[in-house]
Amino acid sequence: MKQLLSFVLLSVVLLAVVQCNKATSSGKFTGSGGSTARFAISGDHLYTVDKSNLKVFSIADAADPVLKNTVPVGFEIETIYPFKDKLFIGSTSVVHIFSVDDPENPQKLSTAISPEVIRRCDPVVAKDTVAYATLRTNGVCGGAQSILAAYDIKDLTKPVQKASYPVSEPYGLGYADTALYVCNRDGLYVFNISSAFSPQLTKKISDGWYLDVIPYYNTLICQVQDGMNLFDISNRMEPGLITKIK
Amino acid sequence: MRRPLLIASGIGLCLCLYGCTPNDLPDSPADTAYVPVYMSAAEKNNISLSTARITERSGKIYAYGNYIFQNDQNKGIHIIDNADRLHPRKIGFLNIPYNTEFAVKGHYIYANNVNDLVVIDIRDMNNPSVVKRLEDAFPYVNQQYPLEAGYFECPDPAKGIVVAWEVQTGKTFNCRR
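Chains as they are written, first to last, in my numbering: chain A, 1 to 246; chain B, 247 to 423.
This is chain B alone, in the form it adopts within the complex (with noise of 0.2 Å):
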């Protein structure tokens, strides 16, 4: 868990240094723009079941035996029911913070949490449950700076790790490449 907020801790400094442009806009800042999303490594790794919900940014579907599954982009998985195929019905959500893609096989779901890889078993798909996690499985999110060019909030290493980068209005940005 240390190791991450080093890491944030020094790409925030990197970023101090050359990364960040106070004051030497050429145009007036633009008031819609990329801010970190942080988190703690405990927020981070919170996977839970809780009641079904609303769709909120609908993602990838997957069909598993009487199941049917869609992520909810960044937040987890929905559940549906489809044992009697006509009429299913959600029994629950999977929270997986900052989850975009998955995949099933046997009574497994892999799915990836942030940049880590995920397998949680759904046995008792009422009670499902991490039984492995491969940190870094994929790569981390930039602590520095959004991929899309343009001005952006800085980022504050003491705030956690940088999770995401969303879209965001209505503040004064420092941050530009």
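If we strip away everything but chain A, and leave its shape as in the complex, we get (with noise of 0.2 Å):
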């Protein structure tokens, strides 16, 4: 389960990926969510998970959503996000995976991510074939050590773990080229992950718990425990803080 949420997360920072891609596409822009969100826009619909159901709602016309389907999905369902042409929706117990080729009718494929590999309670992002997910013990989460993860994702539905850093209490992930960004109780980490599966942590800014990261274009937008901090990162490495909004 904690593995489905992770790949969740990493999806989530996928998602920012697709979208925007899909935006260039469509012709109109959608925005970036971090990596825990239990919305998520994929063309013309909009995704949600509740407790328990995956809906689907067309939104061809933006003003008018149009509930479409509702899919049972299992029980406490925790997170969504989408990847290529996969949704990733996480439970406290499995992570599913649905295609949606038809965009109205989601179908399940696996739940195969194992549990040993990324757990449900974990954030993922996802770039090109590698996966990065933080994995955190304390909690309802459990596990024996708190670690970011790099995972080989060729076969979507069987990572393989590659590679492991231990972070003390980590949250939300997001990257830029070959920066990511890693959140954690005590600060923002830096890691240049120019080679993927070989993480260097090369930076560290300890000023505030640091919860969800969006990069956005050339700024750094972070959720903090008290607000916002946004960072410019024209220098990928060298996050340079902006302003702290509270």
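To be clear, the hints were calculated from the coordinates, so they are not data collected in a lab.
Even glycine gets a Cβ: it sits at the ideal position worked out from N, Cα and C.
Among the hints, erroneous ones may be present.
Said to hold, decoys possible - Here are a few chain B residues that sit away from chain A, every Cβ distance over 12 Å (derived from the structure):
#	residue
1	281
2	358
3	412
4	414
5	416
Unchecked claim - With the C-beta cut set under 10 Å, the calculated list includes, among others, these residues of chain A facing chain B:
#	residue
6	51
7	71
8	211
9	217
10	224
11	230
As the list claims (entries may be wrong) - For each label pair, taking beta carbons as the anchor points, the in silico distance ranges come out as:
#	chain 1	residue 1	chain 2	residue 2	range
12	B	300	A	232	34 to 44 Å
13	B	333	A	202	23 to 33 Å
14	A	194	B	288	55 to 65 Å
15	B	417	A	102	49 to 59 Å
16	A	104	B	329	34 to 44 Å
17	A	154	B	402	56 to 66 Å
18	A	194	B	382	42 to 52 Å
19	B	299	A	155	45 to 55 Å
Make one complex out of these two single chains by using the hints.
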């Protein structure tokens, strides 16, 4: 389950990328969400997850969403993240992978991500065939060790862990080019991922409790416990504080 | 508007029948427990723009065009003007009772308002307007008891719709499950 969640988080990051691409093709601009969203827009559809259902709303007429489908997906669903042509839906116990080739009729492909690889509660971002997840051990998620993990996801349903890096209490994450930004209880960590499966910690910004992050062009938008911190990431590896908004 | 009240009343009745177990508590009642938060339908549906305010409970973030949005858990959405990205500033707050989730596309914010899905037109950021409301798009907040087991304050349907369960201390709690 935790793996699923991780995947979901991963998917959120991925979603931002996917949605930007779609926006280009459709001429409509969709924004970028963080890695813990439970609303996801893909093309002309809004996908939402609640405790037990995936709902599909058509937003072809953006001002007039129409509920098109309600798909029971189990219990205690926590996150949703579109990745490529799939939806990753994380629950407290499993991760479901749905195909949205037919956008209004999501088809369950598998629940194949094994809990040993990526756990349910973990934010995940994906970049091409590599996924990064933060595995946090405190709270309800369990686990033995808090880490940043890198996975080979050439086969989306069978991620293979390739690397791990200990981090004390990580939350959301996101990437821009070769920089991976990881939120932690004690600050923002910057990793160099030029070599995808051996992330190198290059910087720690220890000024707060970071929860989620959106790389948005040359700005890094960070959800922190008391509001939002914004950084200039024109230089990807050297975030420069723009301001803190409380 | 009446149907939710009826449902709430029915739930409350059920609760009285078997949900509450006053005077039947083996342990001394906890002084910390969940209490229902009530709203009238009118309060619940009141979505409005107000001036920028301090973030209370930092929630989800979303970037869209020259704007950044941040949810304030259960309160609404902060609007940040990021047109000058080196000098971003809060310009307003969109009050959306019991909002926790949202996404943005085109000129519209899609958000939950308690258990309704609302569409808010933000073409004019100084005058956002609700253009659509899908009632009960999401599961109803449990009108009988909080999700967490333990002590809680028995809900009173006469007080309105239960829109949330919040932790409180310093009272006597008569219900338990």
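Against the structure, the hints:
The claim that residue 281/B lies off the interface holds: its Cβ sits roughly 22 Å from the closest Cβ of chain A, which is beyond the 12 Å cut-off. A Cβ of chain A approaches the Cβ of residue 358/B within 12 Å, the least distance being about 8 Å, so the stated non-interface status is violated. For residue 412/B, the shortest C-beta to C-beta distance to chain A comes to about 19 Å, beyond the 12 Å cut-off, and the non-interface label holds. In this structure residue 414/B is separated from chain A by more than 12 Å, as the shortest Cβ-Cβ distance comes to about 22 Å.
At roughly 26 Å, the least C-beta separation between residue 416/B and chain A is larger than 12 Å, which holds for a residue marked as non-interface. Satisfaction of the interface hint for residue 51/A is found here, the shortest Cβ-Cβ separation to chain B being roughly 6 Å, below the 10 Å cut-off. A hinted interface residue such as residue 71/A counts as satisfied when its beta carbon comes closer than 10 Å to some beta carbon of chain B; here the least separation is about 14 Å, so the hint is violated. Interface restraint check: residue 211/A against chain B, minimum CB-CB distance 7 Å, threshold 10 Å, status holds.
This hint holds: residue 217/A has a C-beta 8 Å from the nearest C-beta of chain B, less than the 10 Å allowed. For residue 224/A, the shortest C-beta to C-beta distance to chain B is roughly 7 Å, which falls under 10 Å, so the interface hint holds. With a cut of 10 Å, the hint placing residue 230/A at the interface with chain B holds, because the nearest CB-to-CB distance is about 6 Å. The beta-carbon spacing between residue 300/B and residue 232/A, approximately 24 Å, falls outside the hinted interval of 34 to 44 Å.
Taken as a hint, the range 23 to 33 Å holds for the pair residue 333/B and residue 202/A, whose Cβ atoms sit roughly 28 Å apart. Checking the proposed 55 to 65 Å range against residue 194/A and residue 288/B shows it holds: the Cβ atoms sit about 56 Å from each other. Distance hint for residue 417/B and residue 102/A: a CB-CB separation of about 52 Å, consistent with the stated range 49 to 59 Å. As the Cβ distance of residue 104/A to residue 329/B is approximately 36 Å, the hint placing it in 34 to 44 Å holds.
Between residue 154/A and residue 402/B the Cβ separation comes to about 57 Å, which falls inside the hinted range of 56 to 66 Å. The hinted window of 42 to 52 Å between residue 194/A and residue 382/B holds, with their beta carbons roughly 49 Å apart. A beta carbon spacing of about 48 Å between residue 299/B and residue 155/A agrees with the range 45 to 55 Å that was offered as a hint.
Consistency note: the structure conflicts with the earlier hints numbered 2, 7 and 12.
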